[in-house]
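Novice: Using the sequences and the hints given, assemble the complete structure.
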Amino acid sequence: MLVAIGVVAISVGALGLWVGMSKLDVFTGKVLDVSKAEAGVQRILVDPVEGYGATSVSDVVCNGGDDPVVKKGATFTCDVVVDGRKRQVLVLFEDDDGTYEVDRPR
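Position 35 of the sequence shown, counted from 1, bears residue number 35 in the working numbering, the numbering being contiguous throughout.
Worth flagging that the hints you see were computed from the coordinates, not collected in a lab.
Because the structure is a prediction, the values reported are computed rather than measured.
Don't take every hint at face value.
Stated by the list, open to error - Simulated DEER-style distance windows between Cβ atoms:
1) 29 to 90: 16 to 22 angstroms
2) 30 to 84: 34 to 40 angstroms
3) 71 to 48: 29 to 35 angstroms
4) 50 to 87: 15 to 21 angstroms
5) 59 to 96: 25 to 31 angstroms
6) 81 to 33: 18 to 24 angstroms
7) 65 to 101: 33 to 39 angstroms
8) 83 to 30: 30 to 36 angstroms
9) 53 to 31: 27 to 33 angstroms
10) 75 to 47: 19 to 25 angstroms
Ideal Cβ placement from N, Cα and C applies to all residues, glycine included.
Specialist: Rendered as structure tokens:
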């Protein structure tokens, strides 16, 4: 009887640990909030000094609206409207901390 209670307690503890770790993205990896990425891409595209100096950028949708997994060397694309024309922008993760680089619109 005590063995059965011990097994149940260990199982419940393991399940709790797994749920906790999955909430912290231990299994899926770190992700970038796509809405913050979209705002960042737009800022970079219109910045005249450190960006591309586009006069009008709208309708920014990155990674199909899904949070991209952060991994050095991984990329995702953003669909944007730049100066009235539909374009795509490639975004590259520079490190595993979420720092990214935005390519020019194509």
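Novice: All hints are to be evaluated individually against the structure, with a verdict given for each.
Specialist: Hint check results:
no.	hint	verdict
1	29 to 90: 16 to 22 angstroms	holds (20 angstroms)
2	30 to 84: 34 to 40 angstroms	holds (36 angstroms)
3	71 to 48: 29 to 35 angstroms	holds (31 angstroms)
4	50 to 87: 15 to 21 angstroms	holds (19 angstroms)
5	59 to 96: 25 to 31 angstroms	holds (30 angstroms)
6	81 to 33: 18 to 24 angstroms	holds (22 angstroms)
7	65 to 101: 33 to 39 angstroms	violated (21 angstroms)
8	83 to 30: 30 to 36 angstroms	holds (34 angstroms)
9	53 to 31: 27 to 33 angstroms	holds (30 angstroms)
10	75 to 47: 19 to 25 angstroms	holds (21 angstroms)
Of the numbered hints given earlier, the model fails hint 7 alone.
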